[in-house]
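Chains as they are written, first to last, in numbering that gives the first Met the number 0: chain A, 0 to 399; chain B, 0 to 449; chain C, 0 to 292.
Hints listed in this document are in silico derivations from the structure and should not be mistaken for laboratory results.
Possibly wrong hints are sitting among the right ones.
Quick list of in silico lysine to any residue cross-link-like pairs, SDA-like style, CA-CA up to 25 angstroms [said to hold, decoys possible]:
#1 110(A) to 123(C)
#2 110(A) to 182(C)
#3 110(A) to 181(C)
#4 280(C) to 285(A)
#5 249(A) to 193(C)
#6 257(A) to 427(B)
#7 106(B) to 130(B)
#8 280(C) to 309(A)
#9 249(A) to 185(B)
#10 110(A) to 192(C)
#11 353(B) to 250(C)
#12 121(C) to 125(A)
#13 280(C) to 175(C)
#14 280(C) to 317(A)
#15 106(B) to 150(A)
#16 28(B) to 62(B)
#17 90(A) to 178(C)
#18 90(A) to 208(C)
#19 249(A) to 239(A)
#20 121(C) to 113(A)
#21 121(C) to 108(A)
#22 28(B) to 236(C)
#23 280(C) to 190(A)
#24 280(C) to 208(C)
#25 280(C) to 205(A)
#26 110(A) to 193(C)
Computed footprint of chain B on chain A, listed as stretches where at least three residues anywhere in the stretch have a Cβ under 8 angstroms from a Cβ of chain B [what the hints assert, rightly or not]:
#27 1-14
#28 143-150
Over 10 angstroms on every C-beta distance to chain A, these chain C residues come out as not near it, computed from the model [claimed, not checked]:
#29 66
#30 69
#31 73
#32 76
#33 81
#34 85
#35 88
#36 100
These figures come from a predicted structure and were not determined experimentally.
Positions of the beta carbon are idealized from the N, C-alpha and C atoms, including for glycine.
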Amino acid sequence: MIVSPVILLLAGAAIGAAILGFVFQRAGGRALIGLALGAVAGGFGSALFMIPLDYCTFEAERESLDATFGFILVGAGIALVVTPVSWLAGKLLRGEGLVSSTGQPTQGTFKHWWIALPLLLPTLTILAVFLYYPSLETLRLSTMLSRLGARREVFICVDNFTRLAQDQEYWDIVGRTIYISFFIVVLSMGLSLLIATMAYLPIRGASIYRILLVWPYAMSPAVAGIIFLLMFNPSGGMFNYLSGNWFGFKLGWLNDPKVAPWTIIIASVWKSMGFNILFYIAGLQNVPKDLIEAGAIDGAGVVRRFWHIVWPLLSPTTFFLIVTNVTYAFFETYATIDYLTPGGGPLQSTTTMMYRVIQMGVYNNDMGKAAAQSIVLFMMVIGLTLVLFRTGGRQVTYGV
Amino acid sequence: MKKLVLVSIVLVMMLALAVPMSSTGAQDKIPIDVWISFQDYRLDWAQNVAAEFNAVYPQYEVNITGGYSYETMFAQVAVAAEQGQLPAVVHYFEAATQDARDSGLFKPIAEALDGRTEINGLPVDLDDYVDPVIAYYTLDGEFTSMPWNTSSAIMFSNMRYLNAAGWDAPPATWNEVDAACEAVMALDDAPEYCWTFPNHGWFFEQWLAQQDALYVNNGNGREDRATEVAFNSEAGVAILQWLSDQYDKGYLYYSGAQGGESWSTVDQAYSTQQVAMAVYSSSDTTLYTEMGEEGGFETIASFMPYNDETGWTGNLIGGATLWLVDGLDPEVEDGALTFLLYFTNTEYAADWHKVTGYIAIRHSSNELLEAEGYFAENPNQTVAADQLDQSTITPATSGALVGGFPSIRNEVTAAIDRVLLTDEDPAAVLDAAAEASNTIIEEYNLLNAP
Amino acid sequence: MTSASQESIRTQAVVARGSGRRPAWLPKRWYAHIILVLACFLSGIPLFYALLVSTQTNAEVFRYQFTPGSGLFDNWDVVFYERHLHTYMINSVIMTIGITVIKTIFSLLSGLAFVYFRFPGKWVVFAFVLITLMMPTEVLIIALFRFINDLEWQNTFLALIVPFTASATGTFLFRQHFASIPPELSEAAQLDGANPLQFLFRVLVPMSWNTIGALAVVQTIYAWNMYLWPNMIISDPDMQTIQTGIGTLRLGGGALRFGPLMLAAVIVSLPPVIVFILLQKQFMSGFTLTRDK
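Okay, chain A solo, but in the shape it has when bound:
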């Protein structure tokens, strides 16, 4: 062992104690209780991931990268335990009830509180069995070498992760996922906003336009892939035929590594724009008319008026759409990719992180690595959500 578990435990306890002591002092509680509570929470946190791993990352024969991972895990464990504890403690000390945070009316409740249990049971059971349990199982699998149908499973500590960290190919896939997702989200939302603004104008046939614009949302990502396969097929696709005849160029829509991601992006934008247009039109309908009117009378230019008055008011819609579009780009594009470029495209150029997870886990039958990649993906989704909520979510003008 490079670092003894006891030292880690003590370090965790010290950090927890410091944080909670501070919280208690500021909130006017008794600092000593804070220190004690913090020490327990911090110590527990430092061991949260390490006890299941049996402190394997700090074994002497392991590389420094493993130890680094170990420290990150210890830190993450402490954060995971201490943060909610201090948040709760702060709330309690300030005298805020916990139940009120769920915003319930207190009138009209039924007498026998235990009846709530059977009512909640189906939902809670399903969530526990089919979401929480697989989450834990994913964590466990990520430390394993595991194949379906194999004689045994082998525990390999955090090797699946350290290998990923050193795997250039995987970083390329991460970059590609971000590239593809970025353009899907930006193009789809930008075009949708433009079109929605036009469709919102009081013009003839607005309702017909709306129907003609929004239906692609109901198409499935798989069908989007199939239809674009027909159009962009390099030998015999309509698009190359027309572009060849009219403009004298043909592109390897599916077999050129530079172009193939764009085929995925175009198909996904096509499919997801209907949804965005629908929500932007709805968002525009919530913009108070007198604001626009005021801007018009002031003589503000169309673009400036839009930018200064309408855009900020659309921010709740935009924020909601970013979240849904990012998840779409991360996960739902799987089917489109699978039909357009089965196998993940030339030079893996259409292989997203999700696609890779399935390739690894199902086709290569390498469950451990697939689980580790799932966790990386999970962290990215959570990280992105948090960043969005902190930056976008706070500035959002709520007034709808």
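Keeping the supplied structure of chain A fixed, place chains B and C upon it in accordance with the hints.
Just chains B and C now, with coordinates in the frame of chain A:
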């Protein structure tokens, strides 16, 4: 309340439906479930034979279920094994051979036959199967799985282009392909590209075997368990180098790495005469010949072109065999054996060959087809069998046995993809693929070696 | 928005912009018409071409014929006789109805529990449900795959339906809706001696058809379009759902037969597109909280 009742009825109905359909089988008959990896006309063919079998042997009920592809069948069997829901017979491709052996799920055919010369009145004559097939599937001296669809890699040529370019016969070597391509591409009505092949690691294996080079160590995994790949040799690099040159010259049409489910992009390029030649599996000889007839050109099948510098030692077999699951009830096992013998009898083996282009795996079938005059009328159909017949059997041409083969294949496929589409050095790319493959083997052996 | 307010905007806008700069032959806001027509055209083209090809033979497809072809009946035969699209459709219908109905019921029940009961540890339960919003099924799919196999649910409707029958979205949707219903109703119901379930089905449900409809539309489209999970867990061809089942049309050797593939794609898309167009408003309100799982 009415709605609630209605909803509960719907729920109950759904739960009833959720019970797997397969549980409702025939009562008195002995059920024999067979899983095969096809879901197209080949599945239909197999199901027709099964129906005839069920009529001839009323005591059995053979039920054939199709799967998507070889690769997915592999995963499906692993899952079924964990659940103890294996059928009686599983259709595995050649790359799964080592995994199938290690799984301990299957019983060698020879062991199940136990020296019997007939089962349910069907004669057992293992010597009637052609040699390359016997060589591949005889493991540790024992006839292990029942051959059914056996193919090899061959080339189909659009003679309209080749004749115009002054070639009476398809090119036989890499240099000849190059020369033919130069002539074809100089034609006034030249095709868009000269030739193509589906980028699937199997073709690399074929070109490697032609040069008598090993794919994995320990005698291609046949002397001892393979522990490392050997394909990043000079011979292997030569293949990548050649493909890369052909691509850079604009001769080779590359339609993308193939996921393994379908090689339709290549079919499409050949049938629309976008290319003059296609290196392909002999499994689709019938189809490719027909494509030519429909498109108004003559298709000639020929041996897979080989490297001039190293000469031709032989080609590998491809395709898949039928594995008998271990631990069946004796009556089910006998039924399964009966079906396997019936399924591959002289007439069906011959018919199967005609329908698809997989080689006729029995000597007697070949004699039958010869006598019918079928081969004389359809010269393309004998090419794959001839290619295998003329092959010298060495460890290299017997084919590799290695765990995790499908994943290794993917590495090779990706390497070819990389060499064609980037300027990277073929040797370096192949070395990287070898390194990744070695990890796969190491991990596979760690988990699966007895 | 009411038509009256639309009308007032139109007049205001006209007043504000003034007129006279626009030649008489140009419609009002001609630029908007151009952009919209272009957008409709571009989004319509792929489907329109797919419709065309669904009537064509492969030869006609490769000739780039832009009129209806002669292969519709053959394509129909391929889709429904050679392949079994109807089997996949039935499977998808069962799966979709199963997920939608059960999820709606479970969500109603848990919404009821959250709004009309006070019980110890309520916030813990609430957090337990809330956190699942951050757990997309896709990132757990490898473990879920193994788990479902351990349950021996492979190739059953159980695997397709049960894991998706609970959702935080549904729960919160009903919780929000119930919270907006005056508590006097519940007090009155209790005075009448109604038990919680009677209250739910006699009072709340009749008042919630809009919300139920909203959730149902979202779920129907979601379930119908599901691809990754059925693709993983179903290997029996007779149990395939529609989105993965179309893939079987790619198999069969030879060049891809585009006609049948497009015919199937169009047929498959019709139910959700119709549901979506008819129930747009419900769909929108159903999507208020977050993407659903």
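Residue 76(C): least C-beta distance to chain A exceeds 10 angstroms? The claim stands: residue 76(C) keeps its Cβ more than 10 angstroms from every Cβ of chain A (closest is about 19 angstroms).
Straight-line Cα separation of residue 110(A) and residue 181(C) no greater than 25 angstroms? 18 angstroms, holds
At 10 angstroms, judged by beta carbons, does residue 69(C) keep clear of chain A as stated? 18 angstroms, holds
Given the hint that residue 257(A) pairs with residue 427(B), does the C-alpha gap stay at or below 25 angstroms? At roughly 22 angstroms apart (the allowed maximum being 25 angstroms), residue 427(B) and residue 257(A) satisfy the hint.
Sort out whether residue 236(C) lies within 25 angstroms of residue 28(B), counting only the CA atoms. Holds - the C-alpha atoms of residue 236(C) and residue 28(B) are around 24 angstroms apart, at most 25 angstroms.
Does the structure keep residue 280(C) and residue 190(A) at a Cα separation of 25 angstroms or less? Between residue 280(C) and residue 190(A) the Cα gap is close to 22 angstroms, so the pair holds against 25 angstroms.
If we take the beta carbon of residue 85(C), is the closest beta carbon in chain A still more than 10 angstroms away? 17 angstroms, holds
Are the Cα positions of residue 90(A) and residue 208(C) separated by 25 angstroms at most? The hint is violated at about 38 angstroms.
Minimum Cβ distance from residue 88(C) to chain A greater than 10 angstroms, as the annotation requires: 13 angstroms, holds
Proposed proximity, residue 130(B) with residue 106(B) (alpha carbon, max 25 angstroms): 21 angstroms, holds
Count the residues of the stretch 143-150 of chain A whose CB lies closer than 8 angstroms to any CB of chain B, then report whether that count reaches three. Satisfied; 7 residues make the cut.
Under the criterion that the straight-line Cα-Cα distance not exceed 25 angstroms, is the pair residue 280(C), residue 205(A) satisfied? 16 angstroms, holds
This entry does not satisfy hints 5, 18, 27, going by the numbered hints stated previously.
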